[in-house]
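We have chain A; now place chain B onto it with these hints.
Listed below, chain by chain, are the residues.
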Amino acid sequence: EPEVTQTPSHQVTQMGQEVILRCVPISNHLYFYWYRQILGQKVEFLVSFYNNEISEKSEIFDDQFSVERPDGSNFTLKIRSTKLEDSAMYFCASTLTGTGEVQPQHFGDGTRLSIL
Amino acid sequence: AQSVAQPEDQVNVAEGNPLTVKCTYSVSGNPYLFWYVQYPNRGLQFLLKYITGDNLVKGSYGFEAEFNKSQTSFHLKKPSALVSDSALYFCAVRDGYNFNKFYFGSGTKLNVKP
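Protein sequence lines, in the order shown, are assigned to chains A and B.
Just remember that the numbering used here sits 1 ahead of the position in the first sequence, which is counted from 1.
Note that the numbering used here gives residue 14 to position 24 of the second sequence, counting from 1, and the numbers run on in steps of one.
Hints were generated in silico from the structure; no laboratory data involved.
Any given hint could be a false lead.
[To be verified] Pairs of lysine-lysine, DSS-like flavour, derived with a Cα cap of 27 angstroms: (1) Lys79/A to Lys67/B; (2) Lys39/B to Lys43/A; (3) Lys43/A to Lys48/B.
[What the hints assert, rightly or not] Here are a few chain A residues that sit away from chain B, every Cβ distance over 12 angstroms (derived from the structure): (4) Gln15; (5) Met16; (6) Val20; (7) Val48; (8) Asp63; (9) Asp64; (10) Ser82; (11) Lys84; (12) Asp87; (13) Gln104; (14) Gln106; (15) Gly109; (16) Leu117.
For clarity, every value in this text was computed on a predicted model and none was experimentally measured.
A virtual CB, placed ideally from N, CA and C, is assigned to each residue, including glycine.
With the rest of the complex left out, here is chain A (with noise of 0.2 angstroms):
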């Protein structure tokens, strides 16, 4: 079965670095999404995107944060300047469809963030 895959499994960056989280999405889904989840806490939607932009994103997705999707497989999530708060696992999610009929979303393993 096809499988959404993260790289790095785990990253550790010093604060005020920059990092890039890699996803590479199931290859004919349309959607990508990024979710964090902080050690203990619940899974929170990060962003969105589709079609080459950003189709939602939640408030915690602000300057700090931008999606690229670079080539026709990776999905990226870059972080500038890193706060020691950024340390999370970050789960990407791809789904075949959007608005359309409700699929689920297909989740890689993570990539767990340490900021030191």
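Chain B only, in chain A's frame:
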């Protein structure tokens, strides 16, 4: 405001017994509800969804969920628990107007003891 509540941080059940993991929701518009399971160091895996129709929804691994509109609940159930069902379970709802925005509960840790 859209939200999901899972009132129990942890549910303990003996193998072979029925299990219930509770979820209540608040959403504008029609509720589109989901259950996901998360095993250690893995991403969330889809179990089942409610969109419309029959209030009892059947999903993967023998799980089912009952949609109750009057109680705004979507509890996850299984008639006979297995030790391998032990995991973290998340309820989620799609935003009623912003269709590409989803809200997740805080998760419930299910412990099934042999």
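Tested hints:
no.	hint	result
1	Lys79/A to Lys67/B	violated, 39 angstroms
2	Lys39/B to Lys43/A	holds, 19 angstroms
3	Lys43/A to Lys48/B	holds, 25 angstroms
4	Gln15	holds, 24 angstroms
5	Met16	holds, 25 angstroms
6	Val20	holds, 19 angstroms
7	Val48	violated, 9 angstroms
8	Asp63	holds, 16 angstroms
9	Asp64	holds, 19 angstroms
10	Ser82	holds, 26 angstroms
11	Lys84	holds, 23 angstroms
12	Asp87	holds, 19 angstroms
13	Gln104	violated, 9 angstroms
14	Gln106	violated, 7 angstroms
15	Gly109	violated, 5 angstroms
16	Leu117	holds, 21 angstroms
In this structure, the hints that do not hold are numbers 1, 7, 13, 14 and 15, in rising order.
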